[in-house]
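Visitor: Here is how the chains run, residue by residue.
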Amino acid sequence: MLQKPYAEKKLNSDNGIFYKKLVTKIPDLIFQLSLSPTGDLSSPFLNKAVINYFELSRQDLRNFDLSQRIVADDFQELLSSIQSLDKNTDFWSYEFRAILPTKGLRWFKAVANVERDVYNYISLYGRISDITEEKQRDIELKISEERFQFAMEASANGVWDVDMVTDKVFYSAQSMKMLEMDEQDIVDTHLKWDERIHPDDLEEYQTQIQLHIDNKTPYYENAKRMLTNSGEYKWILSRGKIVERDEKGNPLRIIGTDIDVTKQKENEAAVLKNLQIINEQNSRLLNFAHIVSHNLSSHTGNFKMLLDLIETEDDKETVLEIFEHLKTSSSALNQTIEHLKELVDINTHMVHKKESLDLNLYLNKVLGILSEEISNNKVKIYKQIPKNCNIAFNPSYLESILLNFTTNAIKYSHPDRTPEIYYSMKKEDGKCVLEIKDNGLGIDLEKHGRKLFGMYKTFHKNKNSRGIGLFITKNQIESMGGNIEVESKTNIGTTFKIFFSNEV
Amino acid sequence: MKFNDVFVVDDDKIFHFIIKKLLLNNNINVTPKFFENGLLAIEGIKSKMDRGENPPDLILLDINMPILDGWQFLEEFKILKDKLAKEIIIYIVSSSDNQSDMNKANEYQDEVKDYYLKPMTAEDLRTIFSYPA
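Chain order of the listed sequences is Z and F.
Residues in the first sequence are numbered from 1 upward in steps of one, following our numbering.
Residues in the second sequence are numbered from 505 upward in steps of one, following our numbering.
By construction, these hints were calculated from the structure, which means they are not laboratory data.
As the structure is a prediction and not an experimental result, all values here were calculated from the model.
No residue lacks a Cβ here, since even glycine has one placed at the ideal position from N, Cα and C.
Be aware that one or more of the hints could be misleading.
To be verified - According to the in silico footprint, chain Z covers these stretches of chain F (three or more CB under 8 angstroms from chain Z): (1) 511-521; (2) 524-538; (3) 552-562.
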């Protein structure tokens with residue numbers, strides 16, 4: 001090992017040799033370039049490294065100039081970059097590509113000091129290094145970033161990145177766009193974002209996040225409604241993963257994506273709604289098939305049995321009696337078929353257009369039709385229906401429904417008291433509800449509830465009961481998209497609630 | 505033993521007539537009592553009990569009836585059953601070939617002997633009345 005003073009002395013004395021060695025042995029390419037005022041570039045000095053750098057043979061070396069290796073475009077630009085150097089600048093740097101016989105395309109960077117002489121020659125003293133690997137890394141990073149950026153833009157997915165220590169969140173422009181805010185990346189607090197979550201979805205969202213924080217789920221996934229700037233909610237599906245935890249396992253950073261799934265959610269809801277309609281139609285169809293089979297077969301059964309009897313009957317009077325029964329059965333069958341036809345008409349409701357109807361107008365019309373029965377039975381009528389209360393319904397159905405409920409209330413009034421009927425209109429869950437309440441006999445719903453709206457079901461010892469009215473009424477209401485509910489207590493009275501659909 | 509006291513519970517008066525004729529034509533010497541709904545039939549059984557009489561031997565029961573239908577009759581009957589002096593044989597006679605009604609009849613195995621589909625034939629009636637010959 002050299003003593004320090006000796007080394008310094010040696011350096012000083014062998015100055016020339018030292019620099020020569022430095023310049024020739026160093027693996028970097030050391031150069032002197034010279035540009036003439038006419039734009040000719042020459043290389044008065046290149047160290048030996050040039051052989052390796054540009055893959056030169058001895059032959060190449062003799063007439064070598066840089067333009068032989070440097071990509072033509074880059075060489076032209078290299079020249080102009082030197083030419084356009086400011087008078088006061090003494091530093092030059094330039095990146096260029098060269099095509100080498102075996103290594104192919106390589107990237108190089110030249111840095112140099114600039115000197116100018118009186119003849120306007122520019123001399124550059126410096127070195128060239130191979131920056132291909134660096135450049136490739138840059139390019140790969142750029143490509144990957146671009147790929148990510150384009151993918152995000154094309155898929156309209158947003159990206160977020162939460163620093164769980166500072167609670168700052170990066171939101172990408174797409175995330176912002178989803179919520180109809182300025183389309184640019186921002187950093188915001190987590191809290192401000194959470195305020196936009198629909199209150200009904202907050203709990204599930206917090207649960208899902210916590211499960212992932214507690215490491216119970218491999219990643220976080222949650223669909224929730226979020227308030228947009230226009231005041232409407234959008235369904236946003238977020239997925240994320242904690243990418244960094246401290247030594248105790250506490251999360252430090254979580255990255256994820258946002259997807260607007262409003263369309264899917266709407267489709268999902270539409271499919272569910274359709275399914276519900278189909279199920280309702282199916283059960284109605286099944287019910288109808290049941291009604292048809294039962295009500296028709298009870299009549300045809302009678303025909304069969306009566307005809308069997310008539311075949312073997314000798315007594316004339318008995319034969320006549322059987323004929324009377326056949327006639328009765330025949331007209332009963334006719335009536336049943338009429339009812340079934342009516343039912344089919346109601347259920348093919350496409351035919352029946354809804355109209356906007358003034359409820360007061362129709363109620364007064366029906367009460368007018370029934371005025372005789374009302375006064376004969378001393379019925380008290382109470383109406384609490386706001387003026388201009390319009391509902392979307394079929395006019396003849398509305399009349400038939402009001403007529404049916406009113407006649408039922410009179411027919412099944414309590415013998416010990418003055419019959420009272422209350423008509424009122426309310427709003428429940430945004431739907432118009434017509435309530436018709438009486439103080440009549442009432443129905444034991446525990447016993448009869450399930451059959452109340454069935455065909456040919458009667459519950460009172462009343463000669464005029466046919467058991468068709470409520471059945472038809474229910475079908476008419478349902479065909480208009482509404483539904484019906486009943487509350488009743490024996491000897492107290494009955495309340496029917498008719499829920500109207502808002503859709504016209 | 506022979507069925508002497510028979511209840512027919514059906515709201516169809518034509519069916520009452522048919523049963524009467526079928527019994528007569530097949531030389532089955534029974535005069536059934538007819539009830540137009542389940543409630544009247546229950547009341548009929550109760551009034552027999554009140555008078556200290558034996559319950560009917562046989563009940564032909566329809567399903568679809570006003571006020572109390574066949575099923576509701578069976579529910580009321582279950583309550584009465586244990587207080588009866590003797591067993592009553594019940595057949596359902598209905599025009600319903602609906603599977604759900606058939607299944608429901610199975611839930612009343614302790615009460616219901618069998619399920620006959622209308623139209624009833626002379627053969628059906630002979631089978632019922634030959635039991636337990």
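Visitor: Each hint should be assessed against the structure and marked as holding or not.
Guide: Here is how each hint holds up against the structure:
1. 511-521: holds (count 4)
2. 524-538: Contact hint for the region 524-538 of chain F vs chain Z: holds, 3 residues under 8 angstroms.
3. 552-562: violated (count 0)
Violation of the numbered hints given earlier is confined to hint 3; every other hint is satisfied by the structure.
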